[in-house]
Structures are given as structure tokens and as C-alpha cells.
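Enquirer: Heads up, the sequence shown stops at 479 in my numbering, and the numbers go up one at a time, no gaps.
Any given hint could turn out to be false.
For lysine to any residue, the following SDA-like pairs were computed, each having C-alpha atoms within a straight-line distance of at most 20 Å [as the list claims (entries may be wrong)]:
(1) 375 <-> 394
(2) 375 <-> 392
(3) 399 <-> 375
(4) 479 <-> 364
(5) 479 <-> 462
(6) 375 <-> 364
(7) 375 <-> 328
(8) 375 <-> 287
(9) 399 <-> 462
(10) 375 <-> 336
Pair by pair, the computed Cβ-Cβ distance ranges are [as the list claims (entries may be wrong)]:
(11) 289 <-> 334: 34 to 40 Å
(12) 463 <-> 281: 48 to 54 Å
(13) 280 <-> 456: 50 to 56 Å
(14) 280 <-> 313: 52 to 58 Å
(15) 286 <-> 323: 21 to 27 Å
(16) 310 <-> 334: 31 to 37 Å
(17) 283 <-> 411: 35 to 41 Å
(18) 281 <-> 333: 20 to 26 Å
(19) 281 <-> 381: 42 to 48 Å
(20) 280 <-> 464: 45 to 51 Å
(21) 379 <-> 464: 32 to 38 Å
(22) 479 <-> 310: 28 to 34 Å
(23) 300 <-> 336: 25 to 31 Å
Treat the hints as calculated values from the structure; they're not laboratory data. No experiment lies behind these values; they were computed from the predicted model shown. Cβ atoms here follow ideal geometry from the backbone N, Cα and C, with glycine treated the same way.
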Amino acid sequence: MLPKRGTSRPPAEVFDSYVSSVPRLQNAIDLVGGWSCAFPPACGVSAGRIEAFDDARIRWAIDCFGSLEGRNVLELSPGEAGHSFLLESAGARVEAIEPSRAAFIRCLVAKEVMRLSRTRFWLGDMEAFLRDTDKRYDLVVACDALRRFADPLAAIALLARHADALYIHTQVAQRGEASSLRRDDVIAELHEAGFTNMREAESGHSSALSIFARK
265 MLPKRGTSRP
275 PAEVFDSYVS
285 SVPRLQNAID
295 LVGGWSCAFP
305 PACGVSAGRI
315 EAFDDARIRW
325 AIDCFGSLEG
335 RNVLELSPGE
345 AGHSFLLESA
355 GARVEAIEPS
365 RAAFIRCLVA
375 KEVMRLSRTR
385 FWLGDMEAFL
395 RDTDKRYDLV
405 VACDALRRFA
415 DPLAAIALLA
425 RHADALYIHT
435 QVAQRGEASS
445 LRRDDVIAEL
455 HEAGFTNMRE
465 AESGHSSALS
475 IFARK
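Make a model of the complete structure from these sequences and hints.
Expert: Structure follows, in C-alpha cells:
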């Protein structure tokens, strides 16, 4: 019997068994479980509730950048590939680096469910990738990804080596709150990394920073 959504089972128990039902996309969704995000209605599957496939933050970032047709985009920590879907739908070729094993498997399932053809997912450490490669991209998308770096501010300089345009969404300290990541520090680091043209989105939350930067 397949696990119910939101439950977890040992990998051997899941992958060393067979499915007896008719092949359908929902089988793959149910295999992994633990989904937070929903899929576009056209996919005809049931998963989580967050509509990452229509995230206003990513649509805003795309509007700031301009046409993504034929552009190369690096996405960090794609989660469940909802943002990857938006980027590819806008015409981009996407490389996405996911450090979580569970999230990576969900990305592979989501790629099949949403029929992504210009997106490639890689499992591995984001900082190691950025230090190891000299590849450049037209845009880097780091939505809720900076917190996964040991030094989020130093990560901005790494990102700057690989693109002249960058979108960041991250949680920052509110006034008077102790935190290692502050809004002014992020903006100062972007300036230091050579980004001179910046647009900040109205997030409605003082604890969130959503910013598009271009050199």
C-alpha cells in the first residue's frame, strides 16, 4: 500500500515495492509524500496547498529582468520546482541546485508532472557549486536560499561572480532584533559586489526583503 500524503516511510520500504494501480501522475506524488506546494490545475494532481507555480515574487522578478526567452537562469534551492515552472514558462533555460535529498526527489517528480523540458535539477551543496564552477548565467534566483549558506552575506559575493542580475528574497532582522542578516547589510553587500541598479518589492512584511539587483 502506498503511503498517505504527508507521511514518511523508510526509503527501502518505499522503493523496494511495486505499485499495483493503473499508472498515473498521482502515483508519483503519493510515493514521495510531504508536499507543501500545489501543482497547476492542468496537471490534475493533488499535493500541497502553496501555489508556488504562480508566486507573485517570481513574476515580479521576471518583470524586473525583462524577457527570459532563451536566457540561462541559475535557481538556488528550488524546493518543489514551482518557481522553476514559472521561469521555464517565461522562456528560460534553468539549472537548479537543491541541497536537500527529499526536496531533490520532489523536484524530479515535479519535473515529470509539469513536463519541464528546459530545467535540470542537481543535488548538491550550493556553495560548493558556486566555488567550483566558472559558468555564468543571465540571472540568479535565490528565493529563501541565503539562509542555507553558512555566511549569507559572503554568498552574495559568490553569486555576483556568476551573473550580472540577481533576485533575492530572504528573511531579515526587524529593527531591534538580534540576527545575523539585516536588510542594510544585504544591500551594502550587493553594492560592494558591483550591483548598482536595485529595485525593492513591497512585501508588506518588515521581516522580509525581496530585491532585484543588476550590475
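Enquirer: Determine for every hint whether it applies to the structure shown.
Expert: Now for the hints, and whether the structure bears them out:
no., hint, in the structure
1, 375 <-> 394, "violated, 23 Å"
2, 375 <-> 392, "violated, 24 Å"
3, 399 <-> 375, "violated, 23 Å"
4, 479 <-> 364, "violated, 31 Å"
5, 479 <-> 462, "holds, 9 Å"
6, 375 <-> 364, "holds, 16 Å"
7, 375 <-> 328, "violated, 26 Å"
8, 375 <-> 287, "holds, 17 Å"
9, 399 <-> 462, "violated, 23 Å"
10, 375 <-> 336, "holds, 18 Å"
11, 289 <-> 334: 34 to 40 Å, "violated, 29 Å"
12, 463 <-> 281: 48 to 54 Å, "holds, 50 Å"
13, 280 <-> 456: 50 to 56 Å, "holds, 51 Å"
14, 280 <-> 313: 52 to 58 Å, "violated, 31 Å"
15, 286 <-> 323: 21 to 27 Å, "violated, 36 Å"
16, 310 <-> 334: 31 to 37 Å, "holds, 34 Å"
17, 283 <-> 411: 35 to 41 Å, "holds, 36 Å"
18, 281 <-> 333: 20 to 26 Å, "violated, 43 Å"
19, 281 <-> 381: 42 to 48 Å, "violated, 30 Å"
20, 280 <-> 464: 45 to 51 Å, "holds, 50 Å"
21, 379 <-> 464: 32 to 38 Å, "holds, 34 Å"
22, 479 <-> 310: 28 to 34 Å, "violated, 43 Å"
23, 300 <-> 336: 25 to 31 Å, "holds, 27 Å"
The structure does not agree with the numbered hints 1, 2, 3, 4, 7, 9, 11, 14, 15, 18, 19 and 22 stated previously, though it agrees with the rest.
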